[in-house]
Structure formats: structure tokens, C-alpha cells
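The primary structure of each chain is shown beneath.
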Amino acid sequence: MLVEILDIVVAGLLMGGIYALIAVGFSLQYGVARVLNISHGEFIMLGAFITWMLYKVLGVNPLVSLAICGPIILIIGFLLYRTLFTRLRTSSESIGAYEGSSMLASFGLLFIIQNVAILIWGTDIKGYSYLNFGVNLGGAIFAANRLVTLLFAVVIGAAFYLFLARTRLGKAIRAAAQDPVTAGFMGVNINQVLALCFGFGALMAGFGGALISMCYPIQPTMGFQYTIIAIIVVVLGGLGSMVGSFIGGFVLGLIGSIVSYWQPGLSLTAYYLLFIVLLLAKPTGILGK
Amino acid sequence: MRILEGKGVTKYFGGLAAISNVDFEVDRGEIVGLIGPNGAGKTTLFNLISAALSLNSGEIRFKGEKISGLKPHQVCRAGVARTFQSVKIFGNIPVFGNVLLGALFGTSTGMSSPDATREAMESLEFVGLSAARATPAKDLTLANQKRLEVARALATKPELLLLDELIAGLNPAETTEAMELVTKIRDKGITIFMIEHVMKAIMSICDRIIVLHHGEKIAEGTPQEITSNQTVIEVYLGKSS
Amino acid sequence: MDISTLTSKRSLISESIILIIFILLAILPLYAPRYTVILLTSIFMYVVLTVSWVIFSGPTGYISLAPAAFFGVGIYTSAILGKILPLPIVICFGALASFCLALLVGALTLRLRGIYFAIFTFGLVEFIRHLLLFLELTVTGRRGRLVILVDQTIVYYVMLAIFAILLLTSYFIRRSKLGLALQSIGQNEDAAAHTGVNVTMVKVITFAISAFFMGATGAIMATRWTYIDPYTAFNPLYSFMPVLMAIFGGMGQLFGPVIGAAIFTYLEEVLLTRFPYYYMLIFGIILVVAILYLPGGLVGLAQKWRKGDLAEQHANP
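Residue numbers (the working numbering), protein chains in the order written: chain A, 170 to 458; chain B, 3 to 243; chain C, 754 to 1070.
Since the hints were derived computationally from the structure, they do not count as laboratory data. These figures come from a predicted structure and were not determined experimentally. One thing to keep in mind: the hints can contain errors.
Calculated cross-link-like contacts (lysine-lysine; reagent style BS3-like; alpha-carbon spacing at most 27 Å) [to be verified]:
#	chain 1	residue 1	chain 2	residue 2
1	C	LYS836	B	LYS159
2	B	LYS90	C	LYS836
3	B	LYS68	B	LYS202
4	B	LYS73	C	LYS836
5	B	LYS65	B	LYS9
6	B	LYS202	B	LYS73
7	B	LYS190	B	LYS202
8	B	LYS140	B	LYS9
9	B	LYS140	B	LYS68
10	B	LYS65	B	LYS202
11	C	LYS836	B	LYS140
12	B	LYS65	B	LYS140
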């Protein structure tokens, strides 16, 4: 009995770690940069594929790849924001209009990025094997790569939290999240900061993707489902609250694990049901304002 | 005869009481002023009456019937119309359309299209905007946009009109016109409850004044009584226009 | 609601042109190759989805990503009832089922802020998809079902009829009380409510009307696929495409979405045959460019609505 519970809980946490990372990324993009980025999952996919490619072609250790694909994706995200979304922001009449148009623009990005990925890598499922052995934890067996994933998710999350809390740039980001206008008055270069936020959001997605590639097979169409999960987690944890998103990721992972145990194949449906219920009962989320 | 009354009206935002246990009443045919320093809760009170916000406790009655708990469109159809502090017009719809909307949807019995058209034209005529009827509302001057809001409110054939800072942002000439309009509205038989900061205007046309401060009613009476009220003077030290 | 007597010469000319086009379309299957009939049917399908989408999302500015859900409901109704009921009834049922779903969804969610509504409708499609998949696997034991076969010419005519009825509906809504109310909601929802508009009801009804047509379309188009399953029936692409086509074609005039949809469907046909690996890319680029550079971007959603038809015609009574 205890082993079963442990099994469920740890499985939930393992999945939750990844959810937490991608949710924080999404929250950065929506909560601060005000972009509902439907193409978030595509950055996850890019992280996964770059890691896969580096491993297959150059034999680079996936964990080391984190340090390589991270900056690449950060820069892509940053540039995208500076060109596309900044322009949208300045030409929109209201926040509501901007949210809508940026969401639709991100659809466009979704199409573009996915298609480019298919052109480069084809549509087949790919994968590689890394740390694929079992580890015994209190009677239940877990794959080593998944445990490492969880470890890294927590480390990255903690590092980012410290970054936000302690560094000047982090504080600028928090200021911009609270009140962009005033932050602008206080000397924060809003355009830079928002672009960086978007970039960091993409970075989190990229990390998530890299970690996912270590444990699961990947294909260019994998992104969308993760975008949806990110949205659900962010609504669960509170739109705009990064801590909420991080914790929410683990909560959703646990829920998924429990539902899968009871009725495999129903976890995604359960996520949506939760999502719908949350939106109707408390749209601001458990930890939201 | 009492047309509007509130008993024990309370509204919290988070832990803060924006309106705290306020009683008020307005009699038919009166022009009642609602004044108080910034943040006193005046617009909040209007929002509670018009059902833009819901009460935490207490009740509000219009013509004896409870209106607290209704939806905004129901309050409008019951006979309470309002204007807004930050003018809320339908920018891309022509002036005429703005007012027509009121006539079509806001009256208690509903109107046919030809009747509504006539009603809307009359409203525009009344406020002096007939010439601009085809102009998109966003292209009007502020003073005219405020007139438009009044016309739209009047088109719903209200018995009570809530005016939220009608004069804010108007120059002296426009202010005089606005005050004349208010008097004309009262002469039509419509009761008026108005929020204002401009003391001169309030004192000159209001029959009675209610004073709010930090969400509570601190004084009530005729303009003379209010100007000589010690509490009000302290609260308002320096706040005149 | 009385509609202004269309006595102006300009209106008569455009009316005649429309009539002629419809007559041409009606006799087309008699002399055109089968391929053209099928292509036109696809165009009608997208046009209907797009115009229906615009009926609600255009004036109000509430971006709905639910068309795929309503379309899918129509498809499934057809699959389930197609063998036991005659086609016209099946189509009505498909339309009604979508209508009811929209009423439910609308009542639940149209009180949410715009962006929440969009997210919700986005999740709805996926939710139904997965739920249905699960139900099929556990209840019926197999995935998907077969659909009855219908002659392509019949499909063509049904779609043409739906298209015509939809255009008339859209036209009358624009010029009616409902149309004015919808615009006012898009411009300033609070003010609309305070002016006596029952905003929730207006939104829900309009949303349901638009869903009605999407459901009807799904019901008839289902016959194109001989086999359907939750994945093919509830495909988010059927939500994205109408939005893309509407933005591209412009939502101000009645015919903007029609033109947008027509061009896009044709483009899709061409791209799918010539550059099957690039069409997503091209669509994505077009969408981004359209949002960036076509007038007003998304702000145009509410403002491109033909400047108060009703108000205009009465402005000079």
C-alpha cells in the first residue's frame, strides 16, 4: 500500500517538475510580458530537438546541452519579442486588444516554428537513451533520468527564484510585473525587460524540452499538448504568480498521476475538467490576486 | 415621496470598507448632491445603486422595490439611469446610434423601432446634439461626449438620473450650460442625484446635499446647512473650486 | 425590425450581382468538373465557419476558439444519426446540438473576461476530443465510426443553401437591434449593460446562433470522410482557420470573411498539392503579417464592424 502511494506520489512529482518549469515560463510570458503564447510548446519542442541533435550528432551530454540550447532559445525568444510583440504592443489600442492580437500572432508563430521543425527534422518520432536504468526508492523503481529531471527542474526553479529575488535585473522584472508604467518611470527600460521576460519564458520552455527529451520520445508535433498543460497550470496556480505556477505544476503532476493510476488515459481529460472548473469557480487561481 | 433609499449600505474591497453602513434617501423631484473628498466612496455608492457592484450588506430600494441584487440592465429598465465619471460612450458608433441603444433597450416597457427613433431624436434635441447625430462618438469633444451620455441616459426614460461628475473637465462656459441642462432635466420631472466636486455648482442647484468621507455619511442637509457644518468644513478644508 | 427600403441604386446593383452569383453557383454542378464542385464545397464550408465566427466575435471582440467544437459536434451527430434518420433531419440535429452546447458554454463562460473566454474555448475542443476518445474506447470498445455516403452534388447544394441562409442571417443581424447591441458590447460592455442591454443574454444567443451554422456544416461535411474519430472530428485547425481567414479578409464588411475564406481555401488546396510541406509555414507568416500590418490588427475586430448600419440609416429619418 505504502509502496503504491509512494509510486503515485513520486511519479506525480517527476512529471510535475517538468510541468512546473514550463508553467513558470508561460507565466513569465503572460503575467509580465502580457503575451498569451500559444507557441510556448514549440519552444519546448525546440529545446528537445536541439538536445537530441547535439546528443546524436556530437555526442554531447544532454545535461550539458542545457547550457547550450538554453542561451540559443533565450535569444530567439528575446528577438521575437523585440520585433513582433513590441510592435504589436505599441500599435494596440488597449491591453485587451493587445492580449488578443498577441495571442493570435503566437498562433502564427506556432505554425511557423512547427513547420520549420518538420522541414529540418521530418515528422518521425525520435529519441535517445540516457541514464535509462532503474533506481530503487523505498521499494518502488524509478528511471534515473526522470529523477535527474526532477532534480534539475527544482534546481532551475530555485535558481530562477533567487535571480528574481536577489539580482537587480530580477527586481526590475518583478517591478515590471507589478506596474510596468511606474517601473518605466523609475528608470527601468521596459522594452528590454519585457523582452527578457519573454526570452526567459522561452528559456524555461527550452529547458523543459531538453529534460523531456531525456526521458521520452519526441516529435515536432509534441509542443501543443504541453502548451495546454502550461495554461492549465498557470490558471491553477494563479495568472501572474510565478510561485503559484511552480507549485501548480507539481500539483497538476500529482493529480495526473492519481488519475492515471485509477484510470489510465484519462489524465488529460481530468486536466481539462479541472481547468474548466477553475475558470468558472476562481479564474484568478488558487494563489492568484 | 421617496424615490430612492438606501439602508445600511456596506461594501468591502478586500479588508477595506469602501462604503460603511450608509443610509440615504432621495425624494421625487429633488436634485440631491453627493460630495466628499477623493476616495470618499461617492462613485462606489453610485456603482452600488446602478448594480455595477454588489452590496456586502444593507439594501437599496427604488420606488419601494428592492433593486440591490439586480443586474445593471434591470436597474436601468426599472428607471434608474446614470452617467460615468470617465465618459463611457460607444466610440465607433455614430452619436445617433449611441442614443438609439438607450431607447431600444433601456426603457421599462420596450419600444418599437420607429418610436425609439423618435425618442432618440428628441433626446438629442434636448441636449443640443442633433446636428452631430452621424458623427462617430469618439470624434466629439469632451463636453459633447458628456452631453451624449446624458442623452443616452435620458433615452431610457428614467425617473432617476445619477450624474457622476458631469462638470469635471469642462470650462466655465460649458459648466454653465451643463448646469442649465441639469435644471431642464429636473423640470421634465426627473429626479437627480449628482456627484460633484465643483462646490459653486453644487451649492447653486442642489436642494439637498449628502456628504461622504472614508465611506461614511458625515453630514446631510441643505446647502446652507452644509456650508456651515463644522465637520464638513474640517474635512473639506481648502477643497473648493 | 424594419429594414430601410433599399431603394438606392447602389444597393440594387450589388443585390443583383449577389443574386446572379448565387444563380451561377446553383447551376454550376451541371456543367463543371467534379473537382470544381468538391473544391467549391470546401470553400463554402470555410466561408460558413468564418462568417459564423464573425457574427459573434466580430462586433463583441470576444475571440472564440470553439468553432472546432461545434463543427465536431455536427460531424458526430451525423455519424451517430446518419444511418437511422434522413439527411435533412440529421443536419437539423447537428445544428441544434451545437446550438445547445453553445448555450451551455456561453452561459457558463461569457461572464468571464475576454481572454479567459478565449482560453476556455481553446481548451473546450481538446476536452471534448479526449473525453470522447475515452468514452469510445471504454463504452463502444473501438475508436471512431463510419459515416454514411452521400453524393457530392447533394453535399454541394446543402452547403450552398447553408451559405445563403447564413449570409441572410448575418445581414439581418447587422442591421437589427441585436447587431447594435453587439456592437455596443464590443465598444463598452459596462456602458451597454447600464443602457439596458442584457449583455449576457445577447452574447449567449449570438454565440449559439453562430454555433448553429457550424454544427449544420459539420453534419453535412461529415459525409466527406467515410470514417471519423475524435481526432479528426475535433481538430483545433478548424478553430484557427476561421480566425485567420476573418482577420485576413477583414471583418468590417459582410463580404470580408467570405473573400478571406474563399482565397484561403483555394490557397490551401494549391499549397497542399504543390507544397504540402510548406503550407503551415506560409499560413503562419500570413497570419503574423496580417495581424501586424492589416488595418488595426485586432482592434479592428470590434471597430471594423460596418459603422452602425442601423444607426446610419436612421441618422437621416
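Verification of the hints:
1. LYS836(C) x LYS159(B): 56 Å, violated
2. LYS90(B) x LYS836(C): 54 Å, violated
3. LYS68(B) x LYS202(B): 34 Å, violated
4. LYS73(B) x LYS836(C): With a Cα-Cα distance of about 47 Å, the restraint between LYS73(B) and LYS836(C) is violated, given a limit of 27 Å.
5. LYS65(B) x LYS9(B): 14 Å, holds
6. LYS202(B) x LYS73(B): 35 Å, violated
7. LYS190(B) x LYS202(B): 23 Å, holds
8. LYS140(B) x LYS9(B): 39 Å, violated
9. LYS140(B) x LYS68(B): It is violated: about 36 Å lies between the C-alpha atoms, which goes past 27 Å.
10. LYS65(B) x LYS202(B): 30 Å, violated
11. LYS836(C) x LYS140(B): With Cα atoms ~56 Å apart, LYS836(C) and LYS140(B) exceed 27 Å; violated.
12. LYS65(B) x LYS140(B): 35 Å, violated
Against the hints set out earlier in the document, violations occur for numbers 1, 2, 3, 4, 6, 8, 9, 10, 11 and 12.
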